[in-house]
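Number of protein chains: 4
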Amino acid sequence: MKQHDTLILTASCESRLGTVDAVTGYLYEQQCYVADMQTFDDARAGYFFIRVEFRRPEQGEFNEAAFRDGFAVRAQKYAMDWELSERSHRPNVVIMVSKFDHCLNDLLYRYRTGQLAIEIPAIISNHPDLQRLADWHHIPYYHLPITPDTKAEQEAQLWRIVQESNAELVVLARYMQVLSPDLCNKLAGRAINIHHSLLPGFKGAQPYHQAYAKGVKLVGATAHYINNELDEGPIITQGVQAVDHSHYPEELVAKGRDIECVTLARAIQYHIEKRVFMYRGKTVVLGS
Amino acid sequence: MKQHDTLILTASCESRLGTVDAVTGYLYEQQCYVADMQTFDDARAGYFFIRVEFRRPEQGEFNEAAFRDGFAVRAQKYAMDWELSERSHRPNVVIMVSKFDHCLNDLLYRYRTGQLAIEIPAIISNHPDLQRLADWHHIPYYHLPITPDTKAEQEAQLWRIVQESNAELVVLARYMQVLSPDLCNKLAGRAINIHHSLLPGFKGAQPYHQAYAKGVKLVGATAHYINNELDEGPIITQGVQAVDHSHYPEELVAKGRDIECVTLARAIQYHIEKRVFMYRGKTVVLGS
Amino acid sequence: MKQHDTLILTASCESRLGTVDAVTGYLYEQQCYVADMQTFDDARAGYFFIRVEFRRPEQGEFNEAAFRDGFAVRAQKYAMDWELSERSHRPNVVIMVSKFDHCLNDLLYRYRTGQLAIEIPAIISNHPDLQRLADWHHIPYYHLPITPDTKAEQEAQLWRIVQESNAELVVLARYMQVLSPDLCNKLAGRAINIHHSLLPGFKGAQPYHQAYAKGVKLVGATAHYINNELDEGPIITQGVQAVDHSHYPEELVAKGRDIECVTLARAIQYHIEKRVFMYRGKTVVLGS
Amino acid sequence: MKQHDTLILTASCESRLGTVDAVTGYLYEQQCYVADMQTFDDARAGYFFIRVEFRRPEQGEFNEAAFRDGFAVRAQKYAMDWELSERSHRPNVVIMVSKFDHCLNDLLYRYRTGQLAIEIPAIISNHPDLQRLADWHHIPYYHLPITPDTKAEQEAQLWRIVQESNAELVVLARYMQVLSPDLCNKLAGRAINIHHSLLPGFKGAQPYHQAYAKGVKLVGATAHYINNELDEGPIITQGVQAVDHSHYPEELVAKGRDIECVTLARAIQYHIEKRVFMYRGKTVVLGS
Numbered sequence: 001m002k003q004h005d006t007l008i009l010t011a012s013c014e015s016r017l018g019t020v021d022a023v024t025g026y027l028y029e030q031q032c033y034v035a036d037m038q039t040f041d042d043a044r045a046g047y048f049f050i051r052v053e054f055r056r057p058e059q060g061e062f063n064e065a066a067f068r069d070g071f072a073v074r075a076q077k078y079a080m081d082w083e084l085s086e087r088s089h090r091p092n093v094v095i096m097v098s099k100f101d102h103c104l105n106d107l108l109y110r111y112r113t114g115q116l117a118i119e120i121p122a123i124i125s126n127h128p129d130l131q132r133l134a135d136w137h138h139i140p141y142y143h144l145p146i147t148p149d150t151k152a153e154q155e156a157q158l159w160r161i162v163q164e165s166n167a168e169l170v171v172l173a174r175y176m177q178v179l180s181p182d183l184c185n186k187l188a189g190r191a192i193n194i195h196h197s198l199l200p201g202f203k204g205a206q207p208y209h210q211a212y213a214k215g216v217k218l219v220g221a222t223a224h225y226i227n228n229e230l231d232e233g234p235i236i237t238q239g240v241q242a243v244d245h246s247h248y249p250e251e252l253v254a255k256g257r258d259i260e261c262v263t264l265a266r267a268i269q270y271h272i273e274k275r276v277f278m279y280r281g282k283t284v285v286l287g288s
Numbered sequence: 001m002k003q004h005d006t007l008i009l010t011a012s013c014e015s016r017l018g019t020v021d022a023v024t025g026y027l028y029e030q031q032c033y034v035a036d037m038q039t040f041d042d043a044r045a046g047y048f049f050i051r052v053e054f055r056r057p058e059q060g061e062f063n064e065a066a067f068r069d070g071f072a073v074r075a076q077k078y079a080m081d082w083e084l085s086e087r088s089h090r091p092n093v094v095i096m097v098s099k100f101d102h103c104l105n106d107l108l109y110r111y112r113t114g115q116l117a118i119e120i121p122a123i124i125s126n127h128p129d130l131q132r133l134a135d136w137h138h139i140p141y142y143h144l145p146i147t148p149d150t151k152a153e154q155e156a157q158l159w160r161i162v163q164e165s166n167a168e169l170v171v172l173a174r175y176m177q178v179l180s181p182d183l184c185n186k187l188a189g190r191a192i193n194i195h196h197s198l199l200p201g202f203k204g205a206q207p208y209h210q211a212y213a214k215g216v217k218l219v220g221a222t223a224h225y226i227n228n229e230l231d232e233g234p235i236i237t238q239g240v241q242a243v244d245h246s247h248y249p250e251e252l253v254a255k256g257r258d259i260e261c262v263t264l265a266r267a268i269q270y271h272i273e274k275r276v277f278m279y280r281g282k283t284v285v286l287g288s
Numbered sequence: 001m002k003q004h005d006t007l008i009l010t011a012s013c014e015s016r017l018g019t020v021d022a023v024t025g026y027l028y029e030q031q032c033y034v035a036d037m038q039t040f041d042d043a044r045a046g047y048f049f050i051r052v053e054f055r056r057p058e059q060g061e062f063n064e065a066a067f068r069d070g071f072a073v074r075a076q077k078y079a080m081d082w083e084l085s086e087r088s089h090r091p092n093v094v095i096m097v098s099k100f101d102h103c104l105n106d107l108l109y110r111y112r113t114g115q116l117a118i119e120i121p122a123i124i125s126n127h128p129d130l131q132r133l134a135d136w137h138h139i140p141y142y143h144l145p146i147t148p149d150t151k152a153e154q155e156a157q158l159w160r161i162v163q164e165s166n167a168e169l170v171v172l173a174r175y176m177q178v179l180s181p182d183l184c185n186k187l188a189g190r191a192i193n194i195h196h197s198l199l200p201g202f203k204g205a206q207p208y209h210q211a212y213a214k215g216v217k218l219v220g221a222t223a224h225y226i227n228n229e230l231d232e233g234p235i236i237t238q239g240v241q242a243v244d245h246s247h248y249p250e251e252l253v254a255k256g257r258d259i260e261c262v263t264l265a266r267a268i269q270y271h272i273e274k275r276v277f278m279y280r281g282k283t284v285v286l287g288s
Numbered sequence: 001m002k003q004h005d006t007l008i009l010t011a012s013c014e015s016r017l018g019t020v021d022a023v024t025g026y027l028y029e030q031q032c033y034v035a036d037m038q039t040f041d042d043a044r045a046g047y048f049f050i051r052v053e054f055r056r057p058e059q060g061e062f063n064e065a066a067f068r069d070g071f072a073v074r075a076q077k078y079a080m081d082w083e084l085s086e087r088s089h090r091p092n093v094v095i096m097v098s099k100f101d102h103c104l105n106d107l108l109y110r111y112r113t114g115q116l117a118i119e120i121p122a123i124i125s126n127h128p129d130l131q132r133l134a135d136w137h138h139i140p141y142y143h144l145p146i147t148p149d150t151k152a153e154q155e156a157q158l159w160r161i162v163q164e165s166n167a168e169l170v171v172l173a174r175y176m177q178v179l180s181p182d183l184c185n186k187l188a189g190r191a192i193n194i195h196h197s198l199l200p201g202f203k204g205a206q207p208y209h210q211a212y213a214k215g216v217k218l219v220g221a222t223a224h225y226i227n228n229e230l231d232e233g234p235i236i237t238q239g240v241q242a243v244d245h246s247h248y249p250e251e252l253v254a255k256g257r258d259i260e261c262v263t264l265a266r267a268i269q270y271h272i273e274k275r276v277f278m279y280r281g282k283t284v285v286l287g288s
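Chains F, U, H and R are the protein sequences, given in the same order.
Using UniProt numbering, the first residue of the first sequence is number 1, and each one after it goes up by one.
Using UniProt numbering, the first residue of the second sequence is number 1, and each one after it goes up by one.
Using UniProt numbering, the first residue of the third sequence is number 1, and each one after it goes up by one.
Using UniProt numbering, the first residue of the fourth sequence is number 1, and each one after it goes up by one.
Calculated directly from the structure, the hints in this document are not laboratory data.
Heads up, some of the hints might be wrong.
Which copy? The list can't say, so a pair holds if one copy fits it or any two copies do.
For lysine-lysine, the following DSSO-like pairs were computed, each having C-alpha atoms within a straight-line distance of at most 27 Å [unchecked claim]:
#1 151 with 99
#2 255 with 214
#3 274 with 214
#4 151 with 203
#5 203 with 214
#6 255 with 203
#7 255 with 274
#8 214 with 186
#9 186 with 99
#10 203 with 186
#11 203 with 77
Being a predicted model, the structure only gives us computed values, none of them experimental.
Whole structure, please, built from the sequences with the hints as guidance.
Here is the structure:
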């Protein structure tokens, strides 16, 4: 019921009287049934966000192109950014990894069992280690080694694969390389990284070692869109794990794995369900 | 901004095309600005719920009576149950206690500091112990002792106070008496109890002792509307606390206090913000 | 450092003056270094528990048999139940599953990556579905179908595999069959089940459906030793997950998977690290 | 049982064979019953920590001075730092506040009900606002206003009160002044501050506003010993609270209050139960 014949409409614009009605009035006019809806109105910034899941009319044919044309007129009045997609659409997601496989393994399990409604046209790694895992899931594995000298070239290859895969999303599932500003720009808004700390604490390399040195009693993971500043992109979701003095860095690494996996998977879920709006360096996540 | 001149409209009815538009279309027509909105459509039961916070028109006068009349026509079409209230309304809440004071103390603090936007016209107890705490907050304290013989009479007094206080809500903040079916009926939908277990586990008396006997590794608290069956009413919210083998019953009692306080306060907050819909022995809580 | 040459000594007995010294004094006498130690003294029941990780003497040879003989004398004085094992010992664990694979997949990942220091000599299932997953990990998969008529015979086969595998532990990783009292007895203290509810709430079949019907706001998972009463065995650890009205039973099922996996893995970890003492229908878990 | 006639012995020293036996052997020799014990051996730093709760001998008289003398000899052999105290000892705790009263209110409740086994000889504030709350609990309230010019003098007065109160602990319960390095030094190891962020994230002023600007999805609180660097002292415990895009700074402030209270109270509990060892800029917390 929830997915069959269901579409998702998201929109955002400056706050003005009538934005909600522009969406809901149109849906009613088109005889579309609203199955789920959330709004957020940022009273500080004067910005409005809406996400609606709706079902096509039960009778008659639904002409999506005509629906779009009709909505575009309404949206234009409010200068809305908007997007329409099928609930059942399975976006292509390219996964990037290095040697750590826990996030990859978790994502592949969710992919294989349908918990994550995605296609994975490619796994890209700067190491050969995780080839066998990819093979078992029948997913092409691209080993693109990287050195300081070959970084530009490697990123070019990487970008080509992303494009040829029609990837709507790139997931850095513990990919241990810093992307160039150019590639960050190209991937803006459609690349999610998992960082193994509660950002903004412990940016950069070896956050568990930093956490150990500092003696914190909670560690965590942060899933965020990448941008040009390392570990500074808009945060989508965060997870947390209690620790204590007895955890050496290696044990923090081990302790943190589960929360990294769950946090990254949740961020991807939010993204593909069109719940996440990037906005002023932050995110609005509707209906999470 | 959030509270000033803001109203809350809630409605529920059988699922039908047009229910959303009946609300949002009307608000737009009345030039009311939608500040916050959530819906839930129960696809199994075919039932629809909506909660909207909206602001009066910035220009012109807002005639609430006329607004109500106008909406009533639309609501009738869908046989909606609906309610309109001011965001800034502070409902009268009668608190009932016995001897344990942690929940009362917590509620009084939130009341005193404005975190809970309520008035407390009366505190009722079957014991005299908490009089001084009430006095300090300048709240009338009614000591209504109870024995098997006087239960009916005591409940009659209690009910009179609730009525004379114009109480919109009664909170059983660790009131250690079982209410009669008659009183339960009278209070249906407007009396919240805190039970110190993760219901449906450990109903009835001494849940922490039951938890100790069972050796559970998590204890918790459940805030629920009361109904005719002990500890069976619709659950509003629950909280949880990790424990271990070293906690004897008295220590579970101590450990559980914080989570009881927080859970009860949260339930009251949801209720007075009109987020909770009772429905089929359960609750829908919008925008929590 | 933590595992190399490290042994684990656990003991329990009635509370008496001298029990701690019986252990620590002996370790010192044997020039063994105490690396980690916890005790619990149940003041209600008058029972004492201790777990020590210690390192062999740095100089000289360590004769484990002689160590055992020496300790046995001391332990006898207090009628201690005790056990000595290598920290690096990898016990044989037989995993039983039906069709749901999330716990199995998770355990196999932790096994494959060394996070769970176990060997898995056999996976037993009443369905053929998870053969391929077992194959990929090079683990023998025994498909033992079961019908009311063949239950006794199936359990006999199952028991044979457990014995031939020298299994120290049997894990019911969502095995959807009730074991016979006889098999429960045979497996007493060495079979861990994961039940997908916060026991004692929602025992028996379809706990997520029960949770949906009840409208709880928290679901969870309970890892416990099996005993003769269904879902009544001593609880090792529990996990919890917040849910709301929008989660239908299927979604509770999906939501609960992660917490089931993590909770079961944690219980196994505690068990193999010799942290868990079964006692009066409950558990003491030291140093968790 | 737990508190009556129970003492707490804590000790730490460089890791060496025999440290455990030095403690447990002596307790046995003195016919003292070990009721609770934890150790931690920091394998990286080569440092050992132990905390024992024990009961005096049931027969005969217990001479504490003699006990101390006897233990001092053993402790000296290992160059142990050690401390002996009564379980039932209620230390004097001076509380410092500014205008925010939630932590103070919470601590006073726990004090009044015996949940926190402390005496509060003085409440010190740079503002007069919380006098009435102190009065109700019959606790002397010292209003010590502060300006840039009078800071040194104010701190001198403050220090005098701390000394005259025989305060074993000073709690900065949202005291919104930075202490001078000199006062920090004087209070080293016996002053606990609550900072309303998950340190090391969001040090300094207005952490909730910083959290809002950054768009984090979790906020929290950190209880730590103060030292000379602002918000950098050894962390005792931390708490966390989920938030989302809809929380403006004022709402984060409101959301965070409960977790601040609970986190601070827990840190004080650990401290007065002698569970916390400061060590290399971090803490070891035994048996928490």
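- Message: Checking an output row: residue 255 and residue 214, CA cutoff 27 Å. Within, between, both or neither?
- Response: Cα proximity of residue 255 and residue 214: in one copy and across copies (17 Å, 26 Å).
- Message: Within a copy, between copies, both or neither: which one fits residue 214 and residue 186 at a CA-CA cutoff of 27 Å?
- Response: between (36 Å within a copy, 23 Å between copies)
- If the cutoff is 27 Å on CA atoms, where do residue 274 and residue 214 land: within, between, both or neither? Let me know, please. So residue 274 and residue 214 pass the 27 Å test across copies only (22 Å; inside, 37 Å).
- Task: Go through the copies and call it for residue 151 and residue 99: within, between, both or neither, with a Cα cutoff of 27 Å.
- Result: So residue 151 and residue 99 pass the 27 Å test inside one copy only (18 Å; across, 45 Å).
- Message: At most 27 Å between alpha carbons: which applies to residue 255 and residue 274, within, between, both or neither?
- Response: between (30 Å within a copy, 19 Å between copies)
- Message: Please sort residue 255 with residue 203 into within, between, both or neither, judging by C-alpha distance up to 27 Å.
- Response: For residue 255 and residue 203, the Cα distance is within 27 Å both inside one copy (18 Å) and across copies (26 Å).
- Message: Within, between, both or neither: how does the pair residue 151, residue 203 come out at a Cα-Cα threshold of 27 Å?
- Response: within (22 Å within a copy, 36 Å between copies)
- Could you figure out if residue 203 and residue 186 sit no more than 27 Å apart (CA to CA) within one copy, between two copies, both or neither? Answer is within; shortest intra-copy Cα gap is 23 Å, inter-copy 33 Å.
- Alpha-carbon proximity context of residue 203 and residue 77, limit 27 Å: neither (42 Å within a copy, 44 Å between copies)
- Item | Same-copy or cross-copy closeness of residue 203 to residue 214 [CA-CA at most 27 Å] | both (13 Å within a copy, 14 Å between copies)
- Please work out whether the CA atoms of residue 186 and residue 99 approach to 27 Å or closer within one copy, between two copies, in both situations, or in neither? This pair counts as within: shortest intra-copy Cα distance 25 Å, inter-copy 43 Å.
When each numbered hint is compared with the structure, a violation occurs for hint 11 only.
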